[in-house]
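Colleague: Same order as they appear, the protein sequences are chains H and G. Using the working numbering, the first residue of the first sequence is number -3, and each one after it goes up by one. Using the working numbering, the first residue of the second sequence is number 75, and each one after it goes up by one.
Hints in this document: simulated from the structure, not taken from any laboratory. Hints may contain errors.
Footprint (simulated), chain H over chain G, 3 or more residues, beta carbon under 8 Å [unchecked claim]:
(1) 76 to 89
(2) 129 to 139
(3) 187 to 195
Below are the EDC-like pairs computed for lysine to aspartate or glutamate, each with C-alpha atoms no more than 20 Å apart in a straight line [stated by the list, open to error]:
(4) G:80 / G:104
(5) G:149 / G:125
(6) G:210 / G:146
(7) G:80 / H:272
(8) H:125 / G:191
(9) H:125 / H:272
(10) H:125 / H:196
(11) G:149 / H:55
If you only want the chain G side, here are some residues facing chain H, beta carbon under 10 Å, derived [as the list claims (entries may be wrong)]:
(12) 105
(13) 109
(14) 123
(15) 124
(16) 125
(17) 154
(18) 157
(19) 158
(20) 214
All of these numbers come straight from a predicted model, not from anything done at the bench. Every residue gets a Cβ at the ideal spot worked out from N, C-alpha and C, and that includes glycine.
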Amino acid sequence: MQVTTAILRLLIFPGLFFAVPAAWLFLYIERKTIAQMQQRIGPPLLQPFYDFVKLLGKEPLKLGGIQGLLMRAWPAFSVSVLIAALALIPVFPSKGGFSGDLILLITLLELPSMFYMLAGFTSRSIYGKVGSMREASLSLSSNLLFLTAVMMIAVSAHTFRLSELAVPAASPARWLGLAAIVLCIPAKLRLNPFSTSSAEQEIYSGPLTEYSGSDLALWELAHGLEWLALSGFVVSLAFPRTGFKIADAGIFAFLCIALVVLLATVAAATARFTIDRSVRFYWRWSVALAVVFLVSAVVFKG
Amino acid sequence: MKVLEKLLSHCRQKSPWLFHMNSGSCNGCDIELVASIAPRYDVEQLGIHLEGSPRHADILCITGPVTYNTLEAVKTVYGQVPRPKAVVALGSCAASCNAFAGSPTVVGPLHRHIPVDVYVPGCPPRPDAIIEGIAKAAELLGHSERRPLTDEDVKDIPPCGGCEAAAAEGEEPCR
């Protein structure tokens, strides 16, 4: 694969140049939807941009040494990993893209949550540590469901290649897997009802308690990019392609925004689960899905 | 560079994040602050956002007359808010100690210990007044000549009536 294509994909589309405004748009849609659910007008369109620029202009972290270095590194890693994940998402399935597969994409989508946890432990704040532990147990349980669903999708299509996964018409196993992935997204985005790791009424801001200034701005951006990457991942595996690039892009964007609105509505309509309840929720669904997966594997063998 | 500074100043005015602190308040002002953050008044239109950590905040909202026990906490939290920052003293207690003036356990009012930018008087103030106060503080945040606040700024604040009385009686003023 060509180096120039790769660089263009990382920096222009769907990389940095496109992804950052899109992430702000998604953050805006999330906040606006929650505001509408509460019968409010909500923030102006540019609010995530204002927040980002304001945070860039704040006094930075004053920590030195390894701790300061690591605390500055985690959000930067998160943003770069998510941009790489975005470059992999097969909006227009073609052979000319990145030669990555589903496993690489899942790894890249999973790393930011790991960095988030490490940020809490690195900050040495007691609230950060509690938040990180909650994030760890939640990620352990939601990933069980997530990975089972991803396996189900890959096995039903007999491939791990993203460009091939995106092409064929969706099968029942694919729909079930995608529904399970959508069920995992609130935990991955730390949305209600699975927002225990950043529950400000209990543990201030969780792992991000000690962050300020530009590092916090990068965390905000990473959150928007996570929205973009996860909704893009689900939608790119779900929607049927028309063959016309402009129509495909339009349908893709519309479905992504619809997914954001749906998840934000659920977040606005629910209260926060305690950590043991959220863990139990995901283990139950994982067991159910694993049983369905095994049965279908036996029944539709060959 | 002028354009960038203008943009930054605009963004600072458009995105004030709050941290709420109680320095021994009777809880009346705290209830009103929470009421003004609630959906009815929709402060998110102004970009106002209540944050969990003082390190994320731009505006420190302090209620209460500053009791002896909370003094160190108030100073610590003020130090934890990154510059540029503004302080809003909510309620009559933070402005003048109100009914608690003269109590041996009260070391306020607030401006003796940290620089205050906006006073919102009232016992308790109405949510409309609180939102106006926060909006004023956000406006102050945008003025570049005001930042950053240094320890020098704290030094220049004149002593309050309580301090002068203490000095007249030969006692040590609080600052």
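Colleague: Taking the hints in turn, state whether each one holds.
Modeller: Do the hints match the structure? See the list:
1. 76 to 89: It holds, with 7 qualifying residues against the three required.
2. 129 to 139: holds (count 3)
3. 187 to 195: Not satisfied, violated; 0 residues make the cut.
4. G:80 / G:104: violated, 34 Å
5. G:149 / G:125: The hint holds at about 18 Å.
6. G:210 / G:146: violated, 27 Å
7. G:80 / H:272: Not satisfied, since the Cα-Cα distance of roughly 48 Å exceeds 20 Å.
8. H:125 / G:191: Violated, at roughly 34 Å.
9. H:125 / H:272: Distance of about 17 Å is within 20 Å: holds.
10. H:125 / H:196: Satisfied, since the Cα-Cα distance of roughly 14 Å is no more than 20 Å.
11. G:149 / H:55: Roughly 18 Å between the alpha carbons, so the hint for residue 149 of chain G and residue 55 of chain H holds.
12. 105: Cβ of residue 105 of chain G sits 15 Å from chain H, so the hint is violated.
13. 109: violated, 14 Å
14. 123: holds, 8 Å
15. 124: The hint holds - residue 124 of chain G has a Cβ within 10 Å of chain H, the shortest such distance being about 8 Å.
16. 125: holds, 7 Å
17. 154: At about 9 Å, which falls below the 10 Å cut-off, the nearest Cβ of chain H leaves the hint on residue 154 of chain G intact, so it holds.
18. 157: holds, 4 Å
19. 158: Holds. Min distance 8 Å.
20. 214: Since the shortest Cβ distance to chain H is 14 Å, the answer is violated.
Hint violations for this structure: numbers 3, 4, 6, 7, 8, 12, 13, 20, all remaining hints satisfied.
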